[in-house]
Amino acid sequence: MGRVAELERRQSAMELHVINSIQQSLDNNQPLSFQALASLRSLIINPATPDSTLSSVLDALTRSLQLNRDPVFLHHAVKLLSDLASHRPHLSPFALDLLRSDSLFSSASPRLVGESLSVLLSLASIGNDMDAARFVSLCLGPSVSVRQCLLRNAEKLVFRESVLLAVFLGFTRDPYPYVRKEALDGLVKLCKNGDFDDRDVIEGCYCRAVELLRDAENYVRSAAVRAVCEWGRLLVICSEDMNKQDSSDAVFIQLGCMVRDMSLDVRLEAFEALGKIGLVSEDILLQTLSKKVLGINKDKAYKPIEGLDISVSAVAGAYIHRLEDEFSEVRMSACYSLRTLTVFSLRFACEALNLMMDMLNDDSTVSRLQALDTIHHMATSDHLKVEKIHIHRFLSVLVDSSSVIRSMTRKILKLAKLPQFELFKLCIDGLLGNLEIYPQDEADVLSALFHFGRNHGKFTVHIIEEVAPEMEPASGGKLSFDSTRVAAFLVLAISAPLSHEKDVSAIPPRIFSYAVTWLGRISYGLSDIMNQEKLLAYLSECSRSSTISLADFKINEALLTVEGDASIPLCSKVDSPVSMPFWKDSGGISDYHHQEFLSLGKSAAHAEYELGEHSELRKYVNLIFKKVKDSWSLVELGCTTEACKGIRACKEEVASFTTESPGSFGAVAFTLQYLQVIEMLAKVWGHLRATKMLNPNGVGKLELLFAKLDRRLREISNRFIGLSKGEELQILDLVLVACLLRLSKVEICCCNAAMKLLSSTVAHVEYLHKEGSIEPSNFVTEVKKSLHDADSSSSSSSCQPLLFKKLLDSFSLQQFVLYGTPRSVHAELAVPGNDSENPLPFIPGIPASIPLAITLHNVLTESRLWVRISMGEESTQFVFLDLNLIRNKKRSINVVREFTFVAPFYRTPKAVSFTVRASLGLECFRENVDRVKVFGGPKCELTYLCPEKEIFLCKSTECKSKSAFT
Amino acid sequence: MAIDCLVLGAGQEVGKSCMVVSINGKRIMFDCGMHMGYTDSRRYPDFSLISKTGDFDNALTCVIVTHFHLDHIGALPYFTEVCGYKGPIYMTYPTKALAPLMLEDYRKNMDRRGEDEQFTSDHIAECMKKVIPVNLKQTVQVDKDLQIRAYYAGHVIGAAMFYAKVGDAAMVYTGDYNMTPDRHLGAAQIDRLQLDLLITESTYATTIRDSRYGREREFLKAVHNCVAAGGKVLIPTFALGRAQELCILLEDYWERMNLKVPIYFSAGLTIQANMYYKMLINWTSQKIKETYATHNAFDFKNVRNFDRSLINAPGPCVLFATPGMIVGGFSLKVFMQWAPSENNLVTLPGYCVAGTIGHKLMSGKLTKIDLDKDTQINVRCQIHQLSFSPHTDAKGIMDLVKFLSPKHAILVHGEKPKMATLKERIQSELGIQCYCPANNETVTIPSTHYVKADASGTFIRSCLNPNFKFSTCSSTDKSYLDSNKSKAVSRLSVSDDRATEGILVVEKGKKAKVIHQDEFLHMLGEKKHEIQFAYCFPMHMARTEDLSSTSHMLCSFDKCTLISRLSMILSDELSEGNILDLGEELQVESFRVSVCSSDNCPHRLSSSLQNGSESVFFCCHWSVADEKLAWKIISIMKNSTL
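Sequences listed follow chains B and W, in order.
Residue numbers are given in my numbering: position 879 of the first sequence equals residue 879, and the series is strictly consecutive.
Every number in my numbering is 966 more than the matching position in the second sequence, counting from 1.
Here chain B stands alone, though its shape is the one from the complex (with noise of 0.2 Å):
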């Protein structure tokens, strides 16, 4: 203590030192010298330094000012003023009108003016002082840098229209490129949030900007293309409806002109634009596609104003040139802006196949997969005209290496419309050549033969009665079903009833008999269409007629009401069942299959139908709560060993199940959770109810297992969402008896905390049994009761072991039953490149940063989560995650968030090298920490999200010498 006050002490008396010396030094009439400025800074960033101690500086530095007009000690001054604005902000007030004073903001030396300028827009507090005029005069004085920023933040002036706009169009005359630039831009942003209406500013402003189209510097003309742009817009909007179409053509070929710049800055900026006008006729269109020019367009010019005639020439080959670009940002870009333009027209769609069909061969598969995407795009848009010449091309494509252009093309095929036989037979035999030779894809491939063969139901009668032979069952009643290519011809057949053509009756029923029995890999692959019960119950009602029946109708308007609009085929709709499979959707999920099974009319097991794709593994499910319930007796009996074994095995049984289809994981994992807290809740309660009195070595070892119980029921009480009122109360009661058994026990209980946790959990199943109206058990009635009386009956806060163990023999295990579908939260942390090999490097006593690579699962955004890192036993430190900050991508909490994190590790140690553990823990509101208080760290308990991750830590200086040696 005596040695802060001491340093405190000094501290103030240098202060009072240096301001003595300034006062002197001002009282002299003399400058202040370049150390008391490097003095008054030092106080300045000193957060120690007092109020009253800066306002004397502040003086000091109006007097100084008013005395001295060096230029030198005037930056210094501008200087010293925004550190002392920025450091502290209710002094910010007065720095900053010592800013605009006469001396700085205001003074004739641009430079200062400049300098003060851009410390006012920092701290973002200029607006009134400075009025248009201010603003005009200061642009045209003759300071370059000044006018540059002044013209970059001319948005934030906020002044007139016309008043910027003068200044705009006035500087795109200025000798510096940069100054254009900004000029350029501030047309560009004026032109977006502005209102014009004036057809001559308007001219005036795209003139300017396509005279800067031929300047020399590349920024510039990126800028004047975006410039063009928005200002030819602007154009098309104010030209007369007869002269609309002119006038964008003419904005087009002068943005197309920039598409063969030497700048591939320019080049990209171009195609943005030229995706951005959307008016543009269809010969000019057609001319960017072709090099030589068209006979149609020969002679023709265009002339949105006067004195800029502009030929369709110079948009030739555009697209044609810039496909085959070096770079292939541009070439994505060209793709990309194609994409927007097909929509206009058919001709032009069909002409740009024959591109796109050429870029499937590109060499960068990014570009591929962008061209397939433009091939997407025209099929959504209906634009899609298929060519035998185009065919082979493509269903190239379905052989590709790579599976995410495959899986984009069977995107494609399944939207597809050929109007051939002969095409049709190739796009099937390019899938089974698919499927032949990636079989992985088959669940793929049979949907894309399923949309494929529902698009084309005359096709599909035709080719099925060509290859009905090969699906009929070989001699001697075997039917052939080791073949995928028969599945993929099922799959094709069983497609036809639902399309929308009326002479599909041909297909034998048999056929529909035969995909029965291939019902799994079908309904697999179908999954985003029907579901397995659905789907056999439409391949049993077929099987039956031969004719369409008026079931089929049934299935075939069911689809339909479930895909939206019944008058429009299922393929055209934007958002395709493809590219949304709206299963995946979880909040609809119940609704869906009520709604599709309703419409199917009938109505036995409903519940059972509820549970959709995930009945069979719900079923297991609650057999193994079934086994748990069981294994209670057997505790309440004093069996915990055979208990446990029990529920070990069932874990063992758990393990075992699939987690691939979605949602499943997230079940499976809470009835492990759940088997694991009841394991931990029977070994307590076999140490706790034995008869025999604990011995001194189980006192540790209870408290052991109470530690594990805990963390367990933690877990289960917040690493899962999506659980019912229902379900939770189930949970909530076996945290009550936890609560119980600690309270039973004298010897392990710390009975203030249990007892508030008591009640506190006893309060949230009164709050869901009120929300849920649900009839509490009788056991919850018993304990509530009780902690009434013990409440209102003992003032002492003595404990009654005795009234909580009665109350624990009214307890029972329910049998636990799942109905919704539990979603896990998880999370999973990596320090990417790191081991005992890899170290990270630190130094000693600076912090060092860790970079964590996280993956959140099903993680709300509202949660709160922290960052534990801790070396050793002795130093355990948490950094605060703010989800808000971290971008999310999608907006459903179904999301998976990856992002990486830079966590900072303070306390380093001096030495060589150590590691860290870091872990991840969501914040429990119910349960508050009732240890001491790690300064600024959860106020709740955590639950651990993830394992542990050690991280290795070296020093940077070893790091750089050892890996010298390796």
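Bear in mind the hints are in silico, worked out from the structure with no lab data behind them.
Predicted model only: the values in this text are computed from it and were never measured.
One or more hints might be untrue.
[Claimed, not checked] Below, simulated DSBU-like cross-link-like pairs (lysine-lysine); rule was C-alpha separation at most 35 Å, straight line:
id : chain 1 : residue 1 : chain 2 : residue 2
1  : W       : K1368     : B       : K292
2  : B       : K276      : W       : K1435
3  : B       : K298      : W       : K1382
4  : W       : K1382     : B       : K291
5  : B       : K784      : B       : K805
Please arrange chain W on chain B, whose structure you already have, making use of the hints.
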């Protein structure tokens, strides 16, 4: 100052590129190629035109070679070793590395054909010792005055365009270049330069080529179909360039399609060349450069060395064999074996020299080829013609010329009639003077000469401050759409006249100086003279009672009323101009009018004397610029009554 260009080769033809440019006293020889079509003296450029005495060292400052093709470098060993040029030679690193391979290969072929040897292996080695390699965009100071710089040209690996600058005169010689990238090479890339002269190749002066993808697709389809049917594909090709391009294409396709059919390279030159390519990653296309860190694109995974025993091995394969056009050697040997089977495929380049087997195959559907009088080959295999070309097309040439916008352009390396068409286009569309000289002709063009000038303080200050003006320029547009009547189009435009305010003054014996226009008069010691027009005329007045008595005693108040009445009239009648009422005076632009109270005004015409009681005289002044406006106003005033 002028730039003289002596065309020694590739003038209105393709072959033996060679050009000697004299620029501000420096003489540079660009390329030193040979013509493959001749075996006599026409094979080499006529070096005697450079120097009668054969003293080339003093006649030339340096030799610059753009790339390693024989029509650009073939005569170099002859020129240095036989003719005795000892000065510096510049070429890029890859060209220096690969040129000896090409030259040696050519020399061997010459040997084989039994032609007289023009140079030996030692000559090639000695010649290469004189070469100074340069890097892209590296400025090389050849001597005190001459700077050269290489720019990426595409075409083949290591090909470059060269920029040369002596004093104020600058030029670019492109060599061969390609404005579109291919699989292994990028597109030509150059800065915006201030040029007096651009010498460009014009192989495809009128051709517009279609997309590269189409050619690739055809090629891949042919090859894939052939190997899928179990056939063998023979690709006779030169070792450098085309072989690597096609191989990268096939390799990529093989990877994507998971094909396992072997691809072979016949041993020898190609293997050696691949090794060089692996090292010259810097000179390849963007894609190869990008992926180089993970995989060197010239590390062909599927490619193996070919063993002669494999010629008749069963099963499909693809073989790259040298030399191209099946002129002999290994490719001929394989061709003889494979040609009789219709399963097999031979791909030929787009261009084969007449007389080669390649040329015969291309010229029509053949069934038999007579190799010599004893040997006859049955040709049943499929023939696929490739049209890959590493030259830019007409559009590319236009793009480059437009981008560089030189003051003059010279076309070389092309066919005469097509060059003439392109020349016309350049002149008419771009407004650039263009020439296409024949061999041994000299073209002289003027070169730039800059004068250094001082600038006055006022001028510099005026340059620093923006001084833009907005104006609405008017013009009459008769052709605007379908409307017959002419329509006035006015547009907002902005101008900034800082530079036009300067006046260049060159005084005898003094340095040139730029001064501000305001200083000009002061400097000359003269005063500004302005021409003004003046006219005094009576204006008809409406007779009113109160005016009649006091018409001769117009007080200043009445003057003001008159002026304001006049102002009202004018504002009704006059469509243009800004009318300013200054009390006793009215101003429209420079036109000023006031009531004239003097009876003997010098501007008054005697004939206009009228009855004074009914009219009042107005005196007008205007400057010459507003003459039209003035007469318009006067006519309005004369025709109306106050």
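Okay, the hints, checked on the actual structure:
| no. | hint | verdict |
| --- | --- | --- |
| 1 | K1368/W / K292/B | 19 Å, holds |
| 2 | K276/B / K1435/W | 33 Å, holds |
| 3 | K298/B / K1382/W | 26 Å, holds |
| 4 | K1382/W / K291/B | 24 Å, holds |
| 5 | K784/B / K805/B | 15 Å, holds |
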